[in-house]
Amino acid sequence: MADLTTDFIGIKSPNPFWLASAPPTDKEYNVRRAFEAGWGGVVWKTLGSEGPPVVNVNGPRYGAIYGADRRLLGLNNIELITDRDLFTNLEEIKRVKADYPDRAIIVSLMVPCEEEAWKAILPLVEDTGADGIELNFGCPHGMSERGMGAAVGQVPEYIEMVTRWCKQYYSKPVIVKLTPNITDVRKPAAAAHRGGADAVSLINTINSITSVNLDTMSPEPSIDGKGTHGGYCGPAVKPIAMSMVSEIARAEATAGMPISGIGGITTWRDAAEFMALGCGNVQVCTAAMTYGFKIVREMISGLSQWMDEKGYTDTSQFVGMAVPNTTDWQYLNLNYIAKAVIDQDLCISCGRCFAACEDTSHQAIAMSEDRTFTVIDEECVACNLCVNVCPVENCITMEEMATGAIDPRTGRVVEAEYANWTTHPNNPAATAAE
Amino acid sequence: MPANVLTDGIQPARLTPAEYEQNFADLHAPLDPHEALVAADRCYFCHDAPCITACPTEIDIPLFIRQIATGTPEAAARTIFDQNILGGMCARVCPTETLCEQACVREAAEGKPVLIGQLQRYATDILMDKAVHPFERAALSGKKIAVVGAGPAGLAAAHRLAMLGHDVVVMDARAKSGGLNEYGIAAYKSTDDFAAREVDWLLQIGGIEIKHGMAFGRDVTLADLQLEYDAVFLGMGLGGVNGLGLEGADKSGMSDAVDFIADLRQASDLSALPVGRDVVVIGGGMTAVDAAVQAKLLGALNVTLVYRRSRARMNASVYEQDLAASKGVRIITNASPVAVHGNGTVREVEFEYTDDDLTPTGQTVRLAADQVFAAIGQTLQGEDLPKLERGKIKVSATGLTSLKGVWAGGDCATGGDDLTVTAVAEGRDAALDIHASLMGGA
Ligand SMILES: Cc1cc2nc3c(=O)[nH]c(=O)nc-3n(C[C@H](O)[C@H](O)[C@H](O)COP(=O)(O)OP(=O)(O)OC[C@H]3O[C@@H](n4cnc5c(N)ncnc54)[C@H](O)[C@@H]3O)c2cc1C
Ligand SMILES: Cc1cc2nc3c(=O)[nH]c(=O)nc-3n(C[C@H](O)[C@H](O)[C@H](O)COP(=O)(O)O)c2cc1C
Ligand code: SF4
Ligand code: SF4
Ligand code: SF4
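Chains as they are written, first to last, in my numbering: chain A, 120 to 553; chain B, 3 to 444.
Calculated from the structure, these hints are not laboratory results.
For each residue, glycine too, the CB sits at the ideal point set by N, CA and C.
Hints may contain errors.
[Unchecked claim] Across the chosen pairs, the derived CB separations fall in these ranges:
1. B:D34 - A:T516: 36 to 44 Å
2. A:E488 - B:T74: 30 to 38 Å
3. B:S404 - A:T479: 48 to 56 Å
4. A:Q424 - B:E112: 52 to 60 Å
5. A:E417 - B:D34: 28 to 36 Å
6. B:D226 - A:E488: 41 to 49 Å
7. A:V460 - B:D34: 37 to 45 Å
8. A:H348 - B:D34: 49 to 57 Å
9. B:G219 - A:E488: 42 to 50 Å
10. B:A225 - A:E488: 40 to 48 Å
11. A:E488 - B:D34: 49 to 57 Å
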């Protein structure tokens with residue numbers, strides 16, 4: 120079985136699966152049980168400054184989006200940072216770390232954007248023996264109204280400044296957690312890098328309203344008839360998170376900067392995909408909140424089985440492997456030509472491919488009297504919509520056309536050479552190819 | 003000592019009250035809202051869906067299932083009733099395994115069709131429980147139409163005609179409406195007096211008068227009706243039964259399966275209904291299966307269904323055969339009845355083994371029997387009817403008979419299987435054709 124031990128910015132953990140800063144990591148009781156279940160590390164629920172802790176609403180704080188059979192696809196929350204006393208948290212962190220020296224404990228922090236505030240809290244954190252800190256610049260609700268969380272994460276200058284203070288007053292690794300509620304995530308990542316951050320983690324939750332109650336006309340979750348936007352997480356946000364991760368992994372200013380991947384990770388496969396896009400480890404929140412701590416056992420067994428099958432002996436061997444294959448649209452090979460092919464033995468004649476292609480795409484699927492569905496190569500642009508809507512796995516596949524064959528749609532020969540938009544004759548800005 | 007399953011002869015009260023209740027409860031418990039959502043979610047919303055084509059009334063199945071999935075079962079019910087005003091009964095009695103669900107692409111894909119019938123019941127129950135009627139009548143046409151028979155065909159025709167603005171008078175020989183929905187369908191398919199409730203709900207459309215106890219051919223003739231009404235629809239079903247034509251068939255203990263079932267359906271107290279210890283049912287269709295299963299559920303110890311050809315030739319679907327087997331009915335095939343033995347009361351029935359062409363083999367077998375039900379087909383009754391074909395009233399695709407102004411549909415007419423849903427489709431289509439011919443050009 121592959122060894123899942125991971126070294127992330129000098130912090131060792133027995134596997135790359137950490138619990139993200141959130142309710143699962145809000146107290147000693149949870150964290151001990153998480154470690155017993157097998158989690159490699161935790162990012163403790165975000166701590167605030169000394170003094171009376173924040174208060175949470177006393178009504179519902181979550182909203183949800185469901186798929187078939189009430190499978191939870193997306194969760195939205197309006198919870199704030201920890202509502203427990205700072206010193207209680209610090210004592211607990213110290214105790215747990217002492218008992219679990221092989222596990223990673225990172226302390227998430229969110230204090231006002233003033234040097235004094237950071238200067239005050241960092242030595243207290245240092246004293247717990249935790250392995251590092253994560254700066255919560257992501258919380259998109261409540262805290263951001265008070266000039267913290269996403270309000271800081273949306274201003275690169277603040278990120279750089281606070282990161283610098285942390286590197287100054289704290290000796291261990293500093294991770295900056297980014298908000299996705301921003302136009303270009305590379306900017307805050309670069310600011311963290313400039314400030315001296317050891318790593319970035321992303322994503323925090325996305326501004327969201329999950330549903331509106333059409334009787335009371337209040338967004339849900341509704342507190343006494345009113346709702347507010349919350350932060351969206353869970354399986355639904357994974358594609359957005361992965362894209363942001365890949366942008367940071369590819370950007371010149373941040374290339375090679377360690378990333379802790381977060382957002383919708385639910386299975387070992389999700390984790391492997393984030394890692395392939397450049398994440399040294401991953402963090403999980405919603406999946407644990409949906410199914411409990413035990414899911415980590417599937418993540419561990421699945422990742423090691425896959426690594427064994429691929430011959431990887433260390434997680435670092437595949438981290439970032441998909442980054443070189445992630446590119447801009449303009450560099451995609453326009454001479455690559457494929458056609459959809461329907462496997463008639465697998466086809467169950469539902470006609471969804473036909474409806475999709477006929478009504479909304481390229482009229483490239485023919486339907487016969489006896490409900491046989493076939494692709495019309497003369498019309499098929501290989502858009503993949505039929506593959507996506509077909510309910511039978513592998514029933515429709517995209518088959519690459521061989522070099523030298525003639526594409527019946529365009530009448531042109533399939534070229535062997537790679538050619539992209541930058542040199543395409545239809546591109547007014549093309550750099551002459553011939 | 004009270005009777006039990008071992009008591010010989012034809013006896014009432016073989017079971018405890020709890021057993022009767024359990025045996026005659028809904029065959030399929032209704033889906034709860036969550037089950038309905040899960041079941042609805044399995045529908046692929048097929049293009050030009052094959053399930054629609056397979057439904058004799060062509061209900062837009064993917065549309066109504068999507069309406070359930072999106073939380074609007076009332077809209078789903080309307081989609082169903084648009085095509086099939088007896089969608090509630092059909093949801094309970096349709097042999098979906100040979101209709102919509104057989105055609106469902108998920109049956110082809112994984113042998114597990116979308117539960118179309120149960121979803122249909124879910125939606126129709128919700129709307130019907132609200133006791134609102136979803137349709138209104140068009141402006142009155144001043145036309146008056148006679149409908150013979152208040153079974154599925156007659157009711158579907160009457161409802162559609164009323165909706166289109168015509169006044170309808172339905173006459174039925176029996177005391178209650180519903181036809182075989184009320185007197186024939188197996189009790190565990192239509193529980194809680196559903197057939198009668200459905201008729202009441204249907205009649206809310208208005209414009210339909212039902213005259214019970216009025217027999218066509220006895221109290222009124224076709225000529226009378228043609229004279230008095232603008233159009234006539236015949237939907238009297240098949241009132242007669244085929245006899246066994248056997249020596250000894252008049253012995254006590256011998257009866258027709260349809261009479262047994264009608265008695266059972268009308269019984270207010272099932273424990274008062276007597277049933278034999280050793281019951282033999284002769285026939286291979288839905289009626290035979292229903293009689294056999296219900297005899298078993300009433301507490302008969304041994305129930306044997308005997309069919310003269312092979313299993314593959316039985317009219318009862320494989321699903322029905324399996325249902326019978328699961329309730330403990332023994333099925334014997336390739337055996338034709340040749341004699342009934344007993345002294346005034348039946349004691350045994352003798353069968354001769356026969357192949358699918360009914361060639362006699364000369365070898366016989368005797369089955370112990372204290373009660374025997376014949377279920378070997380129903381026949382059309384009546385004189386002075388329009389032209390017949392193979393024993394039924396010959397009709398066009400829209401139900402027009404050989405006589406001008408006279409339409410027919412359901413079991414009494416040619417075309418389609420003898421099913422509730424087919425009767426509904428034919429009644430509805432005849433109504434549309436009557437409307438077109440009466441209002442033609444207008
Ligand atoms: C035991 C049994 C079980 C069945 N189970 C199923 C099932 O599970 N699923 C299914 O789809 N189908 C089933 N069928 C078939 C289904 O019941 C019929 O196909 C359907 O009822 C036909 O409808 P109809 O309106 O043509 O005739 P009917 O339902 O027979 O209605 C005819 C009506 O006309 C009346 N009538 C008859 N003669 C006269 C007259 N001379 N004057 C006035 N009124 C008259 C009758 O009283 C009756 O009300 C079953 C049939 C039987 C016998
Ligand atoms: C109820 C709740 C509370 C959260 N609180 C915090 C927090 O205090 N600090 C923080 O950095 N992130 C917080 N998050 C964000 C998560 O750590 C994580 O970034 C996000 O949920 C995406 O990961 P997921 O899709 O695995 O849930 C919270 C998320 C949830 C659902
Ligand atoms: S577990 Fe359910 S009931 Fe309890 S606080 Fe959370 S949302 Fe409310
Ligand atoms: S969507 Fe798939 S299964 Fe359905 S008709 Fe098309 S190819 Fe066949
Ligand atoms: S065939 Fe089955 S999956 Fe397709 S629309 Fe009909 S019920 Fe739905």
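Comparing the hints with the structure gives:
Between D34 of chain B and T516 of chain A the beta carbon distance is about 40 Å. The supplied range of 36 to 44 Å therefore holds. In this structure the supplied range 30 to 38 Å holds for E488 of chain A paired with T74 of chain B, their Cβ-Cβ distance being about 34 Å. S404 of chain B and T479 of chain A have their C-beta atoms about 50 Å apart, which keeps the hinted 48 to 56 Å range intact. For the pair Q424 of chain A and E112 of chain B, the beta carbons lie near 27 Å from each other, so the given range of 52 to 60 Å is not met.
Restraint check, E417 of chain A to D34 of chain B: a C-beta distance of roughly 30 Å satisfies the suggested window 28 to 36 Å. The supplied range of 41 to 49 Å is met by D226 of chain B and E488 of chain A, whose beta-carbon atoms lie about 48 Å from each other. In this structure the supplied range 37 to 45 Å holds for V460 of chain A paired with D34 of chain B, their Cβ-Cβ distance being about 42 Å. Roughly 34 Å separates the CB atoms of H348 of chain A and D34 of chain B, a value that falls outside the hinted 49 to 57 Å.
For G219 of chain B and E488 of chain A, the hinted distance range of 42 to 50 Å is satisfied, since their beta carbons lie about 45 Å from each other. At roughly 46 Å, the beta carbons of A225 of chain B and E488 of chain A sit within the given window of 40 to 48 Å. Checking the proposed 49 to 57 Å range against E488 of chain A and D34 of chain B shows it is violated: the Cβ atoms sit about 41 Å from each other.
Going down the numbered hints, you'll see the structure goes against 4, 8, 11, while the others check out.
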